[in-house]
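K.L.:
Read off the chains here:
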Amino acid sequence: MTLSLPPQTSHPSNLQPEGWLRYLSFSLDHKVIGLQYLVTAFFFYLVGGALAGMIRVELLSPISDFMPRETYNEVLTLHGTVMIFLWIVPVVNGGFGNYLIPFYVGARDMAFPRLNAVAFWLIPPAGFLLIASYFIAGAAQSGWTAYPPLSLTTPAAGQVVWILSVLLLGGSSIFGGINFIATVLKMRRPGLGMMQLPMYCWAMLGTSILVVLATPVLAGTLVLLSFDIIAHTGFFNPALGGNAVVYQHLFWFYSHPAVYIMVLPAFGLVSEILPVHARKPLFGYTTMVYSILGIVFLGLIVWAHHMFTSATPPWMRLFFTIATAFIAVPTGIKFFNWLATLWGGKIALNSAMLFSCAFIVHFVFGGITGVALAQVPFDIHVHDTYFVVGHFHYIVYGGTVFVVFGSIYHWFPKFTGRMLNEPLGRLHFLLTFIGFNLCFAPQHWLGLNGMPRRVAEYDPQFTLLNQLSSVGALLMAISTLPFLVNVVWSALAGQVAGDNPWNALTPEWLTSSPPPVENWKGPAPLVTHPYGYGVPEGQIDLKAVSGLEIWSEGR
Amino acid sequence: MPIPSAIVTLVLGMILVLSGLWVGQNVNLLPAAASTNAPLYDELFAVLFTIGTILFLGIVGLLIFSLVRFRRRDGDLGDGVAVEGNLQLEIFWTAIPAIVVLFVGIYSYDIYDRMGGMIPLADPHAMHGSMGSAVMPASVEELVTQDVEPRLWGGIGSPGGTEAGLLPVEVTALQFAFLFHYPEGDFTSGELHVKAGQTVELRMEARDVIHAFWVPQFRLKQDVIPGQPTVLTFTPTLPGQYPIICAELCGPYHGGMRSTVVVHEPEAFDSWLASNRPATLALTAPLATG
Amino acid sequence: MTILTSIPDPSPTPEAGALAADTEHVDLRMFGLATFLVADGMTFAGFFAAYLTFRAVNPLPPGAVYELELILPTLNTALLVASSFTFHRAAKELKQSRNGACRLWLLITASLGVAFLAGQMVEYFSLPFGLTDNLFASTFYALTGFHGLHVCLGDLMILIVWWQARVPGRFTPEHHFGVEAAELYWHFVDGIWLILFGILYLL
Ligand code: HEA
Ligand code: HEA
Ligand code: CUA
Ligand SMILES: [Cu+2]
Numbered sequence: 005m006t007l008s009l010p011p012q013t014s015h016p017s018n019l020q021p022e023g024w025l026r027y028l029s030f031s032l033d034h035k036v037i038g039l040q041y042l043v044t045a046f047f048f049y050l051v052g053g054a055l056a057g058m059i060r061v062e063l064l065s066p067i068s069d070f071m072p073r074e075t076y077n078e079v080l081t082l083h084g085t086v087m088i089f090l091w092i093v094p095v096v097n098g099g100f101g102n103y104l105i106p107f108y109v110g111a112r113d114m115a116f117p118r119l120n121a122v123a124f125w126l127i128p129p130a131g132f133l134l135i136a137s138y139f140i141a142g143a144a145q146s147g148w149t150a151y152p153p154l155s156l157t158t159p160a161a162g163q164v165v166w167i168l169s170v171l172l173l174g175g176s177s178i179f180g181g182i183n184f185i186a187t188v189l190k191m192r193r194p195g196l197g198m199m200q201l202p203m204y205c206w207a208m209l210g211t212s213i214l215v216v217l218a219t220p221v222l223a224g225t226l227v228l229l230s231f232d233i234i235a236h237t238g239f240f241n242p243a244l245g246g247n248a249v250v251y252q253h254l255f256w257f258y259s260h261p262a263v264y265i266m267v268l269p270a271f272g273l274v275s276e277i278l279p280v281h282a283r284k285p286l287f288g289y290t291t292m293v294y295s296i297l298g299i300v301f302l303g304l305i306v307w308a309h310h311m312f313t314s315a316t317p318p319w320m321r322l323f324f325t326i327a328t329a330f331i332a333v334p335t336g337i338k339f340f341n342w343l344a345t346l347w348g349g350k351i352a353l354n355s356a357m358l359f360s361c362a363f364i365v366h367f368v369f370g371g372i373t374g375v376a377l378a379q380v381p382f383d384i385h386v387h388d389t390y391f392v393v394g395h396f397h398y399i400v401y402g403g404t405v406f407v408v409f410g411s412i413y414h415w416f417p418k419f420t421g422r423m424l425n426e427p428l429g430r431l432h433f434l435l436t437f438i439g440f441n442l443c444f445a446p447q448h449w450l451g452l453n454g455m456p457r458r459v460a461e462y463d464p465q466f467t468l469l470n471q472l473s474s475v476g477a478l479l480m481a482i483s484t485l486p487f488l489v490n491v492v493w494s495a496l497a498g499q500v501a502g503d504n505p506w507n508a509l510t511p512e513w514l515t516s517s518p519p520p521v522e523n524w525k526g527p528a529p530l531v532t533h534p535y536g537y538g539v540p541e542g543q544i545d546l547k548a549v550s551g552l553e554i555w556s557e558g559r
Numbered sequence: 002m003p004i005p006s007a008i009v010t011l012v013l014g015m016i017l018v019l020s021g022l023w024v025g026q027n028v029n030l031l032p033a034a035a036s037t038n039a040p041l042y043d044e045l046f047a048v049l050f051t052i053g054t055i056l057f058l059g060i061v062g063l064l065i066f067s068l069v070r071f072r073r074r075d076g077d078l079g080d081g082v083a084v085e086g087n088l089q090l091e092i093f094w095t096a097i098p099a100i101v102v103l104f105v106g107i108y109s110y111d112i113y114d115r116m117g118g119m120i121p122l123a124d125p126h127a128m129h130g131s132m133g134s135a136v137m138p139a140s141v142e143e144l145v146t147q148d149v150e151p152r153l154w155g156g157i158g159s160p161g162g163t164e165a166g167l168l169p170v171e172v173t174a175l176q177f178a179f180l181f182h183y184p185e186g187d188f189t190s191g192e193l194h195v196k197a198g199q200t201v202e203l204r205m206e207a208r209d210v211i212h213a214f215w216v217p218q219f220r221l222k223q224d225v226i227p228g229q230p231t232v233l234t235f236t237p238t239l240p241g242q243y244p245i246i247c248a249e250l251c252g253p254y255h256g257g258m259r260s261t262v263v264v265h266e267p268e269a270f271d272s273w274l275a276s277n278r279p280a281t282l283a284l285t286a287p288l289a290t291g
Numbered sequence: 010m011t012i013l014t015s016i017p018d019p020s021p022t023p024e025a026g027a028l029a030a031d032t033e034h035v036d037l038r039m040f041g042l043a044t045f046l047v048a049d050g051m052t053f054a055g056f057f058a059a060y061l062t063f064r065a066v067n068p069l070p071p072g073a074v075y076e077l078e079l080i081l082p083t084l085n086t087a088l089l090v091a092s093s094f095t096f097h098r099a100a101k102e103l104k105q106s107r108n109g110a111c112r113l114w115l116l117i118t119a120s121l122g123v124a125f126l127a128g129q130m131v132e133y134f135s136l137p138f139g140l141t142d143n144l145f146a147s148t149f150y151a152l153t154g155f156h157g158l159h160v161c162l163g164d165l166m167i168l169i170v171w172w173q174a175r176v177p178g179r180f181t182p183e184h185h186f187g188v189e190a191a192e193l194y195w196h197f198v199d200g201i202w203l204i205l206f207g208i209l210y211l212l
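Protein chains in written order, with our numbering: chain A, 5 to 559; chain U, 2 to 291; chain V, 10 to 212.
Just so you know, the hints here were simulated from the structure itself, not pulled from any lab data.
Any given hint could turn out to be false.
As the list claims (entries may be wrong) - Selected chain A positions facing chain U (Cβ under 8 Å, derived; list incomplete): (1) LEU119; (2) VAL122; (3) LEU126; (4) THR157; (5) VAL375; (6) ALA376.
Ideal Cβ positions, reconstructed from N, Cα and C, are used throughout, including at glycine.
Next comes chain A alone, as it looks inside the complex (with noise of 0.2 Å):
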């Protein structure tokens, strides 16, 4: 069996530094970039942990005591801040869009492979300047909304740093969202169309449609911020004849969108993990795909539903209502597709499928408080309550967490060439599960019954739940130990993987494991049915082979 180098090697990867340097370094390879993305978010990840456990603390007693209540508003700025933007963002569409895209279009590296070294090391200072300003000069206290004139007259230098932070990651995104449009659009493998791609390069497309179109005009509003900040024009402050409430127009406009970039990589990476595990195709390609745009569509045009108090006069409100409303459609064909595609399965109840699964529920539970908040008469009772807390950790964490959390399972193998270890994965769903649901579960309540959110002392009649909510907020940071442990152990001594111990079909899959720097020792496959699953008998036994001899033996 000979094996075919590619006729021709454009990249200069010979000019990379070779071993683990590489992933300190300025690296053009998109595997290692996509890697650089996650762990770094995953750093962040601990680091807005650790300030929700801050959080959780001082709401352990109804009075303000564990810290000042400056800095609450400190620490619960950074918590929004860091999970969102250096966390869940990058780590959904940095980490797992740069690792995987490429293999899904048959490609050998992204469009632009130096834009997106450029995003990622964007990435690190961004962050580093955010948590700096806390020890600093103080960090911003005005929340992850910036609301003005709030933000005008908290201290300038905290809320400055946090513009350019923000700045500079929402820069990143743009960059990465042109680099994905230009890789699924351009760099597709000769012969491969746009309906046979795998789920996720569709869930990516739509995001960096998001992106492109929703970021600017967030970075364009923060200018205008910080000229108020700086330069004491009048934009956003009433004492000057400006109008507080044109920026959270422009700000939610940016900010809705951001939730379905939040969730929508993350439906990608569960329409890959279900088919794998299932052994089943995905069902309903062609309305997923359809459901996504539309979802990219309606989610430019509901902003106005984070406003419901905000002095918008009632045809707004009506009209936001309903279009908000009207995301549940799509979304909804989404999940049904989902469970369709586990019925009749052969299911294997692994980490990654568990992760999966408690996403599904997490997010069928988050979206129909979503569509009650979508509603103006119930939403004024409960705007900027617990419970808004509760319905967007339900889908950040529940959904998207989860999702991640799971995908790292799936492709761990494909990363390292080593399995995760199965019972500690469970015990990390485990423990997770359970304290996910004790933390958040019991703030809908709280939001009903008149806790509002953003403070630190409160009615003392909501003292036990809040407890209760902060053991489960203990449980999840234990349970990030077992997970760690787990991919360090994992990583150096796990049970070798092989090639394809999925025996999946998407083209990942189908090279080595960690794949070779140009994805492919010889051309690219061209995989038409990424979900071909469930073939009758008499074709390929897909039980025996691993990708790898598949193509190297043409079959």
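Position chains U and V with the ligands relative to chain A; hints supplied.
P.N.:
Same frame as chain A, but now just chains U and V with the ligands:
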């Protein structure tokens, strides 16, 4: 065996719907209902809760069933059935959420309308953004005695007509307190006192940053914004004391920015009003007649 | 149904040569630039939306409503529109291998850009209001300033390609990404100005 499975599905569906209805009717997650809005809100809540429970239990039930029924048995390395889609099914589960959402939307619109949320605000420019339809609501002018009416930006407007019993209160929010000014007696209070059964119209504006006025027992919230006066109209029903909570992050003491609303029996309110009125004023309040 | 319609054959058959096409480097830089300009355009769209909303709902204090002088901005508009045509001409010359003419037209374009910026400066200094005077003033400077920044960048790009083009063969009729990119960017900046001029001066 198509018939038995259809029956099973039907029975399961009925159990699901019934348990959803039961939950919606019997699980009370809300605080006391103390304004005319609250029962409307609770009605909406029960409906949303019912629908939500049915959907959630149904989907989770289906998921758990699949995970158990279709789990991979030891040693079985085969694949599942190769179904890639089913157009009818997909249309079905596009239609169901669409219908549910449409129903919920119309229903909540109705609720909101009954809460007074669709009443045009006392503002010639209230329709800003929708070009050219600057309608001047004539009815409101009778309610106000001032010459220049400040523009109102949002909130829940007052019902038209001249119901005698409208109690106007001017609310000022500042870091970190609410001030309630009663034009009727020209005095200012740190607590809000209102009369059960009498409609209250809060005219709200902030001095410094954005705050929000929230009374959980009234199921009402409205941002109080500097430079953009808002209005909030409601009718308290249940006498008692309830917390007023600032719900918009407004600085370090945001969590401590609280006050109390006291809903009086009609007589008690009148005497409270009288006792607070500056002594120089004659006690000829037209409002005293409930 | 086949799952993997084509597993490439690693032995060097004729087919393998065709499949090797996937390693050929496609030039996507123009596509990337266009996508970036969409993003950039959204920044402007945000500013425009903010300006229009301010205009519609925030009454200015008395004395803050200005009748903007129209002569200079109109002249500036003419300059910028003309510069789009001159740039187009430069690209055309290049495509016909007339390097010298191309450079000349590039220089003319750059000068028009500089003239625009100068006109903008003159206008800034003759205006009766400053950045922080009122909402309109702030928005006016923010919008025109942000656009002016783009003109500066565009001018810089033009000068760079003009400088690069002095080496014969640096840009060929087929391969002249630098010129193409600068041109697209310039047209974009031009288009934005037209919208800006419309809503800021004419509306
Ligand atoms: C990943 C993040 C994410 C996602 C995906 C969503 C998804 C949704 N969100 Fe959420 N949301 C946030 C993150 C997210 N949200 C955050 C962070 C905030 C707070 C911001 C802040 O103020 O700090 C917030 C706040 C927020 C508000 C404002 C609340 C307030 O401040 O008063 C609203 C109101 O409409 C809302 C609605 C929705 C809706 C309708 C969806 C929908 O997309 C959900 C659709 C999904 C489903 C409905 C489930 C699946 C569907 C079916 C099974 C079909 C059948 C279902 C029905 C017929 C109902 N969200
Ligand atoms: C993707 C987003 C994301 C994620 C994953 C989380 C995760 C968590 N969040 Fe967060 N949260 C937000 C996004 C997110 N949050 C946002 C946007 C806000 C709004 C902010 C605002 O109002 O402006 C918010 C607000 C918010 C509040 C409300 C604060 C308030 O309004 O006063 C609370 C309170 O309970 C909370 C709790 C938690 C908890 C317990 C977790 C847990 O799930 C975290 C679990 C993880 C860990 C516990 C990490 C474990 C590791 C360690 C502890 C090791 C120690 C580390 C080092 C030594 C470096 N969050
Ligand atoms: Cu005032 Cu919060
Ligand atoms: Cu939203």
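K.L.:
Please check whether LEU126 (chain A) passes as an interface residue: C-beta within 8 Å of a C-beta belonging to chain U.
P.N.:
Since the shortest Cβ distance to chain U is 28 Å, the answer is violated.
K.L.:
Does ALA376 (chain A) meet its interface restraint, that is, does its C-beta lie within less than 8 Å of any C-beta in chain U?
P.N.:
holds, 5 Å
K.L.:
Checking hints one by one. Is VAL375 (chain A) an interface residue toward chain U, by the C-beta closer than 8 Å rule?
P.N.:
Given a least distance of 7 Å, the restraint on VAL375 (chain A) holds.
K.L.:
Let me know if the C-beta of VAL122 (chain A) comes in closer than 8 Å to any C-beta of chain U, holds or violated.
P.N.:
violated, 35 Å
K.L.:
Can LEU119 (chain A) be said to touch chain U, with a Cβ gap under 8 Å?
P.N.:
For LEU119 (chain A), the interface hint is violated, since the closest Cβ of chain U sits about 37 Å away, which is over 8 Å.
K.L.:
With chain U as the partner, please determine if THR157 (chain A) meets the hint condition of a C-beta pair closer than 8 Å.
P.N.:
holds, 6 Å
Figure legend: structure checked against the earlier numbered hints; hints not met, in rising order: 1, 2, 3.
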